[in-house]
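K.L.:
As a plain string of letters, each chain reads:
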Amino acid sequence: MPATRIHHLYEMLHYWSDTFARLPLTNLKEVGQTAVTLISSILNYQVSALLIKDGDKEPSLLASKGIDRQLLSMWNLEESLLQHLWSECEAPAIVECTTLPAELASSAERLGLKGVFLHVPLRATVEHKENLIGFAVAAQPRGDWDLESDLKALGIISGFVAGAITGCTMRALLIESTVSKKYVDSIIKSMSDTMIVVDSDRRIRTVNQATLTLLGYLPQELIGQPAAIILAHELPFTASRDDDSVEPDFRGNIETVYRSKEGREIPVLLSSSVLRDDRGKVSGLIYMAQDITERKRAEAELHKTKEAAEAANRAKSTFLANMSHELRTPLNAVIGYSEMLQEEAEDLGQAELIPDLKKINAAGKHLLDLINNVLDLSKIEAGKMELFLETFEISALVQDVVAVIQPLVAKRTNTLQVNCDDDLGTMRADLTKVRQSLFNLLSNASKFTEQGTISLSVSRGPASDGDWISFRVSDTGIGMTAEQTAKLFQPFAQAEASTTPKYGGTGLGLVISRRFCQMMGGDIAVQSEPGQGSAFTIKLPARILDPKSQPAAPAESTSAPLPEGAPTVLVIDDDPAARDLLQRFLGKEGFRVESAGDGEEGLRLASKLHPDAIVLDVIMPRMDGWAVVTALKAEAELADIPVVMLTIVDDKNTGFALGAADYLTKPVDRERLAAILKKHQRAIRPGCVLVVEDDAATREMLQRLLEKEGWQVGAAENGRVALELVAEKRPQLILLDLMMPEMDGFEFVEELHKHKEWRSIPVVVVTAKDITIEDRLRINGYVAKILEKAACSREALLREVRDLVAACVREGSRSNHEPQLPA
Amino acid sequence: MNLSKWGEFVPKILLVEDNEMNRDMLSRRLQRKGFQVIIAVDGAQGVAMAQADAPDLILMDMSLPVLDGWEATRQLKASAPTRSIPIIALTAHAMSGDQERALQAGCDHYDTKPIELPRLLEKINALLNKDTAR
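Those protein sequence lines, which keep their order, are chains Z and S. At position 689 of the first sequence (counting the first as 1) the number is 689 in our numbering, and the numbers step up by one without a gap. At position 14 of the second sequence (counting the first as 1) the number is 1014 in our numbering, and the numbers step up by one without a gap.
If you are wondering where the hints come from, they were derived from the structure by calculation, not from laboratory data. By construction, the Cβ of each residue, glycine as well, lies at the ideal position given by its N, Cα and C atoms. Any given hint could turn out to be false.
Quick list of in silico lysine to aspartate or glutamate cross-link-like pairs, DMTMM-like style, CA-CA up to 25 Å [stated by the list, open to error]:
#	chain 1	residue 1	chain 2	residue 2
1	S	1123	S	1111
2	S	1012	Z	343
3	Z	729	Z	744
4	S	1123	Z	694
5	Z	365	S	1071
6	S	1113	Z	744
7	S	1113	Z	344
8	Z	678	Z	728
9	Z	365	S	1116
10	S	1033	Z	356
Per the computed footprint, the stretches of chain S lying under chain Z, defined by three or more beta-carbons under 8 Å from a beta-carbon of chain Z, are [stated by the list, open to error]:
#	segment
11	1012-1023
12	1026-1037
13	1109-1119
Next comes chain S alone, as it looks inside the complex:
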């Protein structure tokens, strides 16, 4: 568990996103909201970091190089140490099919791009609270 200098719980979020601009934007905004953000730029790196760094939550872009978001999710959900990490899929607009596929692959939730931060925060907090309550 990550704690701030003041001893508060600081959730660690793994952001898996290949687009540099989206990555920069979202990580900075999340950091300002008090999250610790670690970054992976493709699916394979995402899986490796999830195993090594034990994040509290993963934000997963779906169209990723090397290993796509669906496959990365399947691998994470298939392995015991990472199975319980909640994953939010980030999918493109109007691709309703992608959302269904994301849930089928084992994602706990999804949100559409472009990101509306308040909406995404709500989902992140809901999943983190469920996690800590357990």
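Okay, chain Z solo, but in the shape it has when bound:
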């Protein structure tokens, strides 16, 4: 469905936007590798590749994903294909392999470019001429995807990639000290990105031609003017107290706005580097900025399309709800009059009419079932289905359901076995919905089994695991393949289209039952093998709290009084049932729980409460979890709060790349959640801190600073020494360099993590290394924060460390622990 595809692409572009902005400008290969990884992840295509062409040289493969290594070596053999693509595909295109000349088609197939592939040129402006610098390709075997949307998304990605590639090339040339000034000048002139050099007073010293073209100024109108003349918004800068210099207060790229001479606002992606004189003093800054008007426009368009798709979906649900009602009225007449006529025919002794009247009646009832199902589903999707909670005897429910299902079971000569625990007791749930779900599973089992056994087992889970009731329905019927089970819970996709005529039904029953169970905080799981039968298990909490009577409750309403210093967890989830479950469970585990029903309220509460951890749902209306975590990490005050993401989408890497501390899929394994929260619980008091740094000057500086703040400081020159010190005395905080002799920072955190009792020590990485995505993934979950020396001045670094330490101190006193003064 196109609407779903656009939605998916938009979400993915959104998730990865931070990574786009941080494409490394140091290493061309890495840009390529990151780009193809992004393309494959976002489009979910099997093959992606980036080709670049340097001047008059032959085009070459920069990076690829999904192409067999052996085939890769053959790539050069496929020059004719490359040349063809190069000359024929000047514009973004969807290329069907079947339309290529025969020999090229076989070349393409050898490289894995099967079915259909998308092709987008990469362009950069050099010396006022727009040049083709390469192209991006993504391929998939034939599918029913919305290729036009995919092509748009690939176009957006390619814009970033082209910018990063040009940036890389320029940077490489700029830092070559042997390059003559004239040569550098000519390059700067020809760059497609704008470049501005400002002095330490932030007055403009140099601009390149691209800047003048974009902003409509003459050079003499800008040189000597304050940078603010072209910056629509103040950049986050910090003035150093020691000298007159300024420091950018951001890392990587930021989005900001330039103002042209006529006052037009131009969105740009800006990166900044610091210029230093021979003594290392800051002498100026370079701003490189790329005009992203086009990208913004494309994003907005994609966003609009997504909104429209959502609106259409809502309209559809409302329409269905109304329509179903309209359909039911005449159907009542069909059912009622056919029943009446049967009675009448009996009275009048016209028995020969009865079978036909029964058929009309049965068809009417069947149609009514279908309509009721569609209505239920549209109500659920429109968010209008409500829960009516009551407390009832579980064994009475089982007896009731068994009595109703018995004739259906017997119809195909099946037998029904019921195994119930003796002391099932009562549960609080929506009786009608539990009954309907159970009835649905049993009637499915009866439909797909012949001369077999259908079993219903009901049990109450151990109280330690929370109070859960499971209903397991298994059969010895035809079973399903893995492919069929995967489609089982999708609306309008009955396992096989061909089953419909044989077995009847809408195929919506299971979808509805599952949504019902999820509304009640549970779920339905399935196990099946073809020919071996199937087993469905409904798992429901024994006590479902009414979301209406217990709204997103403040912590005071939790039953057990919590100790004064209980750590606070903020739960952000739009589903009231999920919030309540987490609240009750985490309350029992000794956490003070606050909750928010949407992303904005979550952010507001996070700044107000500064919780010890945040549990965050991903899929929420308006502001989703990814946006919330990005916003949290962008806020210095909140960035250090560990965020645990909860979602039904299993995509750990996105979560980690955005800075999530941990990641759990729904339904939540509650013990694991508790363990994770305890791991991240910050209970640091000013005590002792360990500085691990091989550079003596930096080490001593940090040591002096921290001692001034009242900390006891241990110092180690490499990871091995640090481990010895940790073993001697457990520090409350570790400041860690990554590049060190003997044992580097990566090894150190890995070693540290092997010891259970050390895992909770927060580690702050302070490094001069450019942190790549791989680095980040390698140490994520292990470290609390990463400070890059390169992007930070000494002063800014000290301030960061000071803030962090202060946060720890605040934390200590807030949790009402006795402040433990250093010895």
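Starting from the known structure of chain Z, fit chain S onto it as the hints suggest.
P.N.:
Only chain S this time, still in chain Z's reference frame:
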């Protein structure tokens, strides 16, 4: 009390229903089952007829024009002469909330549409027997 020509007790049922087809169908089926059926097409008429004709039981559709079923029920249950007439609410499918509201308004029982006659008859007879036993 209504008696047939043979002197049998013929319960009089007031059916309050705005949909013509439902009204026709249900009244004919009930008549065949030996009930006397009188008909009102909206809530206000239902209240008036309940007061004037003293039916033995009322079948009340809930979504009615002029005066809806809930309000009509409340008025009937609030007035002494009609308070003891049993009322069965007829509500639409899946509107569990409607059923709760119907009982709160004072209905003695409810049944869902589309009508399953045997089930409805059971409820009617249970209420009539309780009534005559008293």
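K.L.:
For every hint, state whether the structure bears it out.
P.N.:
Verification of the hints:
no.	hint	result
1	1123(S) / 1111(S)	8 Å, holds
2	1012(S) / 343(Z)	21 Å, holds
3	729(Z) / 744(Z)	21 Å, holds
4	1123(S) / 694(Z)	87 Å, violated
5	365(Z) / 1071(S)	32 Å, violated
6	1113(S) / 744(Z)	74 Å, violated
7	1113(S) / 344(Z)	21 Å, holds
8	678(Z) / 728(Z)	24 Å, holds
9	365(Z) / 1116(S)	11 Å, holds
10	1033(S) / 356(Z)	23 Å, holds
11	1012-1023	holds (count 3)
12	1026-1037	holds (count 4)
13	1109-1119	holds (count 4)
Against the hints set out earlier in the document, violations occur for numbers 4, 5, 6.
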